[in-house]
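Visitor: Protein chains in written order, with the numbering used here: chain A, 1 to 157; chain B, 1 to 331; chain C, 1 to 500.
In short, the hints are calculated from the structure, not lab data.
Keep in mind that this is a model prediction, so the values were computed, not measured.
Heads up, a few of these hints could be off.
One-sided and incomplete, this derived list gives chain B residues near chain C with beta-carbon spacing under 8 Å [as the list claims (entries may be wrong)]:
#, residue
1, 70
2, 71
3, 137
4, 162
5, 188
6, 191
7, 202
Here a beta-carbon is modelled for each residue, glycine too, at the ideal position from N, C-alpha and C.
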Amino acid sequence: MTADVSPPSSHASALGDRIAGAVLVLLAVAAWWHARTFVTGFRQAVGPDVFPRLVCVPLGLLALYLLIRPGINARWPGRAALLRQAGLLVLLGGYATFLEPWGFLPATLVGSVLLMRLFDAAWRQALASGASLTVILYLLFEFALGIPLPDIPGLGV
Amino acid sequence: MAISPRSLHTVAAAALLGLGLSVSTPSQALPISECIAPADPGGGWDFTCRSVGKLLYDLDLVDNPVKVVNMPGGVGAVAFSNVAGKRADDSDLIVATSTVGITQIAQGRYPGGVDTMRWLGMLGTDVGVVLVDDDSPYQSLDGLLEAMVDDPSSVVMAGSSGVGGWDHIRALMLAEAAGLPDDQIGSVRWVQFDGGGPAVTQMMGGHVDAVSTDLGEIAGFIKSGDVRVLAVLADKPLAPPFEDLPTAVSQGYDVTGYNWRGFYTGGDVSDADYQSMVDTLKTLYDSPEWKQVAERNGLVPLWRGGDEFNTFVRDTADKVESISREIGVIQ
Amino acid sequence: MDILGFLLHGFAVALEPQNLFLALIGCAVGTLIGALPGLGPVNGVALLIPLAFNFGLSPTAALILLVSVYYGTMYGGRISSIVLNIPGDEPAMMTTLDGYPMALKGRGGEALGLSAVASFVGATVATIGLTLFAPLLVGFAIRFGPAEYFALFMLAFATIGGVTSGSFTKSLLAACLGLLLGTVGLDPASGVSRYTFGWYELYDGIDFIAALVGLFAISECLLFLEDRHQTTGASRELGSAIPGMRRAGACKATIARGSLIGFIAGVLPGAGASLGSFLSYTLEKRWLGRQGDFGNGDPRGVAAPEAGNNAAAGGALIPMLSLGIPGSGTTAILLALLLSMNITPGPLLFDQQPDMVWGLVAALFIGNVMLLVLNVPLVGLFARVLRAPSWLLMPVVILVAFVGVYSLNNSPFDLYVMLAFGVLGYGLRKLHMPAVPVVLGLLLGGEMEFNLRRALAISGGDWSILVGSGISVGIYAFAATLMVAGLVYAWWVRRTPDAG
Chain A
1 MTADVSPPSS
11 HASALGDRIA
21 GAVLVLLAVA
31 AWWHARTFVT
41 GFRQAVGPDV
51 FPRLVCVPLG
61 LLALYLLIRP
71 GINARWPGRA
81 ALLRQAGLLV
91 LLGGYATFLE
101 PWGFLPATLV
111 GSVLLMRLFD
121 AAWRQALASG
131 ASLTVILYLL
141 FEFALGIPLP
151 DIPGLGV
Chain B
1 MAISPRSLHT
11 VAAAALLGLG
21 LSVSTPSQAL
31 PISECIAPAD
41 PGGGWDFTCR
51 SVGKLLYDLD
61 LVDNPVKVVN
71 MPGGVGAVAF
81 SNVAGKRADD
91 SDLIVATSTV
101 GITQIAQGRY
111 PGGVDTMRWL
121 GMLGTDVGVV
131 LVDDDSPYQS
141 LDGLLEAMVD
151 DPSSVVMAGS
161 SGVGGWDHIR
171 ALMLAEAAGL
181 PDDQIGSVRW
191 VQFDGGGPAV
201 TQMMGGHVDA
211 VSTDLGEIAG
221 FIKSGDVRVL
231 AVLADKPLAP
241 PFEDLPTAVS
251 QGYDVTGYNW
261 RGFYTGGDVS
271 DADYQSMVDT
281 LKTLYDSPEW
291 KQVAERNGLV
301 PLWRGGDEFN
311 TFVRDTADKV
321 ESISREIGVI
331 Q
Chain C
1 MDILGFLLHG
11 FAVALEPQNL
21 FLALIGCAVG
31 TLIGALPGLG
41 PVNGVALLIP
51 LAFNFGLSPT
61 AALILLVSVY
71 YGTMYGGRIS
81 SIVLNIPGDE
91 PAMMTTLDGY
101 PMALKGRGGE
111 ALGLSAVASF
121 VGATVATIGL
131 TLFAPLLVGF
141 AIRFGPAEYF
151 ALFMLAFATI
161 GGVTSGSFTK
171 SLLAACLGLL
181 LGTVGLDPAS
191 GVSRYTFGWY
201 ELYDGIDFIA
211 ALVGLFAISE
221 CLLFLEDRHQ
231 TTGASRELGS
241 AIPGMRRAGA
251 CKATIARGSL
261 IGFIAGVLPG
271 AGASLGSFLS
281 YTLEKRWLGR
291 QGDFGNGDPR
301 GVAAPEAGNN
311 AAAGGALIPM
321 LSLGIPGSGT
331 TAILLALLLS
341 MNITPGPLLF
351 DQQPDMVWGL
361 VAALFIGNVM
371 LLVLNVPLVG
381 LFARVLRAPS
391 WLLMPVVILV
401 AFVGVYSLNN
411 SPFDLYVMLA
421 FGVLGYGLRK
431 LHMPAVPVVL
441 GLLLGGEMEF
451 NLRRALAISG
461 GDWSILVGSG
471 ISVGIYAFAA
481 TLMVAGLVYA
491 WWVRRTPDAG
């Protein structure tokens with residue numbers, strides 16, 4: 001394999017497949033093993049453990065194949081990008097966590113403004129758009145679609 | 001996506017349309033303002049919530065339309081745990097349930113027992129039936145049950161619940177009444193489908209021998225004559241048009257199996273609030289509108305409320321628990 | 001002919017001005033709901049049922065409104081599939097495979113127009129099939145027992161290599177992963193909980209709308225954050241829908257085949273619209289072989305699943321109306337609607353209430369035409385949405401998806417599930433592993449397992465029941481042929497490097 005055929009990142013790429021293969025092999029083994037807890041008192045021709053185990057076999061074998069003969073992967077991102085991605089996940093996780101305790105309006109306002117900041121909006125743009133988005137979503141779901149959203153505690157909105 | 005002016009028009013139009021449906025301006029706590037359907041839209045519990053919620057408003061029993069919240073999961077377990085944990089003293093909340101929910105509780109599949117909640121009342125009931133295809137060799141309940149007792153694995157039965165579910169338990173109660181020994185009861189072949197309709201269709205296709213399910217779900221097949229009803233699991237013959245269907249009791253098997261629809265509320269609701277909710281539901285039950293809605297959906301209007309209902313729920317749970325133990329569904 | 005008379009009467013009713021207006025409103029509202037990631041036809045129709053009652057509409061008018069909403073949501077799902085690579089619901093997933101690449105090439109408007117025409121034809125074929133063959137098809141459908149359905153699902157997974165142009169191993173691996181994830185939850189047949197680790201929220205299994213939106217929308221955003229200088233993916237210009245409608249003529253064979261496959265899948269109540277669009281796509285890809293450029297924006301890759309999807313939705317009305325069995329989530333809602341209007345679908349419906357049946361058929365047709373007409377201005381609207389800067393577009397899409405998914409079950413847990421699937425989807429993209437088979441496994445795994453278990457419960461554990469009928473043997477033979485043909489084709493492509 002010459003340098004100009006394989007891009008510099010090809011080592012890391014193959015690594016991605018190998019890691020995925022290893023993880024999936026472990027998953028298949030663990031899922032097979034865990035299936036032993038699926039027991040019923042009532043006699044059934046095929047119990048609840050059979051199908052998951054039937055799936056674990058090809059899953060494990062194919063993952064093993066991937067581990068041994070990895071294919072091509074895309075380039076993995078650098079540190080700055082990873083930080084932004086982690087930021088997105090933390091932000092959305094936080095939104096999911098605070099949606100019910102805070103109520104829809106405050107949680108969505110904070111969430112949308114920060115989210116827009118993460119995507120490089122200026123503060124003013126983020127505040128204005130975040131506020132309108134929050135209100136539009138609230139009106140859309142609560143009134144137009146008739147789907148109740150979490151209220152702000154004690155306020156009933 | 002809702003940013004552009006064009007879609008705002010759509011929103012406005014939709015909002016205008018929705019006004020009649022969902023003007024939920026906040027106000028002081030009213031008797032019943034929210035109904036949790038512990039299932040996806042479209043199922044029986046969802047129907048119970050939506051039809052009762054709508055009637056409560058139509059009959060002016062509540063000032064604002066009742067919010068219907070779908071909270072599916074674990075055949076009602078998610079809603080149960082949610083109410084027990086967060087809304088136990090919420091006096092404006094009702095939750096739809098049925099015999100299916102009680103079966104789950106009796107088999108220990110909810111996080112808590114019957115006493116975790118306060119049981120408000122039942123408004124109507126569906127009734128169990130056992131049926132076969134119109135060209136089946138089984139002409140009567142006796143014939144079917146005899147074949148089962150002779151060789152339990154010779155009959156393939158189907159229904160809309162899983163092993164240990166209400167449809168299955170009702171069928172096994174019959175087999176037991178016919179004298180099938182406890183140690184052989186596990187040999188009866190049981191196949192679950194996604195509803196009574198699919199089970200009957202599979203029976204018409206010759207894939208299973210007999211079906212045990214609710215009458216309401218499959219009434220159309222009875223009227224069209226595609227199936228033969230061997231027994232309805234009611235104490236006495238049903239009202240027309242089903243008055244000719246034989247009960248199991250009349251054939252010498254003392255088995256009944258209803259599937260009622262009703263509501264519970266949180267366990268910490270005060271006695272006064274509880275009583276006022278029961279009264280509201282009773283008023284709704286007494287209206288001719290409810291009778292209409294119920295009959296239209298294959299339910300027999302039937303009222304049990306308050307303490308009587310609480311006791312009834314407890315008895316049902318005990319009965320289901322003991323038969324589940326006998327057939328080995330729970331240890 | 002009696003049927004024709006009823007049908008004509010149905011059309012006369014549906015064409016009254018009030019009903020046309022309702023169809024228009026329904027299509028517009030439905031399109032909006034469908035385009036919101038996370039909300040699909042089931043929610044759209046379920047939410048509007050009370051509305052129909054509130055206005056005191058006649059049964060036919062209510063049906064027209066709701067059927068229009070239904071078609072609107074299906075079309076809305078398609079828009080976000082093509083424009084944003086985010087399927088609004090499960091059947092729209094296959095449309096992303098070639099629709100999004102078309103949008104990347106600046107042919108998004110064409111894809112939207114083409115999908116509208118293909119859907120229209122698919123739905124029309126289904127309507128005609130329904131009119132002519134309903135009683136006959138019912139007889140065919142009830143011959144499918146659990147063993148035959150299991151064979152049908154095996155066929156679906158045998159063709160899974162055809163989903164993407166990527167590695168066959170990785171497609172299959174993704175499918176197995178999806179099947180395993182599909183077993184999470186309470187096993188309905190025994191009540192045993194599997195892989196739930198004590199979480200009640202998992203008892204109903206992984207919500208596949210949450211999984212779908214996570215895999216597509218969240219992973220798209222993660223990918224975008226890697227390099228903020230790239231565009232949002234879709235080209236900013238959508239173009240017009242008109243050429244797409246003209247282009248449909250060139251795809252007429254594809255549309256015809258897709259409609260037929262979809263219709264058959266729809267008639268079988270255990271199969272449904274997702275399987276219809278999936279099989280239409282993969283079988284068409286196999287059929288065209290090297291003539292197709294599937295996965296890279298081949299218009300036929302949009303036409304086939306769209307025709308299949310809508311033909312299946314129409315076909316599903318046959319078991320719904322004549323047996324009372326809903327073949328999909330949406331027909332389940334329509335069934336509930338009919339019940340609440342005092343109409344009990346079942347074997348007698350065609351005889352006893354023909355005006356109702358043919359009114360419904362006419363309503364379906366009107367809804368279809370209405371969408372085809374609405375389509376042209378709607379493309380302009382969505383082109384404008386795309387011109388929004390990415391700091392606005394991406395957060396709006398994410399938040400709408402979040403609120404949409406939250407509102408399904410009122411559960412923050414689903415939001416965590418969605419995030420987890422977002423990370424999974426991102427990893428899959430980096431590994432060049434397709435995400436579609438994961439969703440298919442998740443979606444079809446349950447029915448596949450239950451039919452296997454039903455078959456074996458019937459036979460008392462004798463596995464030979466799986467090949468016990470001519471139908472199932474035929475399906476397996478077809479699947480094997482496709483599989484072998486696929487392998488031979490792959491080998492042949494590798495031997496001749498200039499191909500594909």
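Visitor: Work down the list of hints and note, for each, if the structure agrees.
Guide: Quick rundown of the hints versus the structure:
no.	hint	in the structure
1	70	holds, 7 Å
2	71	holds, 6 Å
3	137	violated, 17 Å
4	162	holds, 4 Å
5	188	violated, 11 Å
6	191	holds, 5 Å
7	202	holds, 6 Å
This entry does not satisfy hints 3, 5, going by the numbered hints stated previously.
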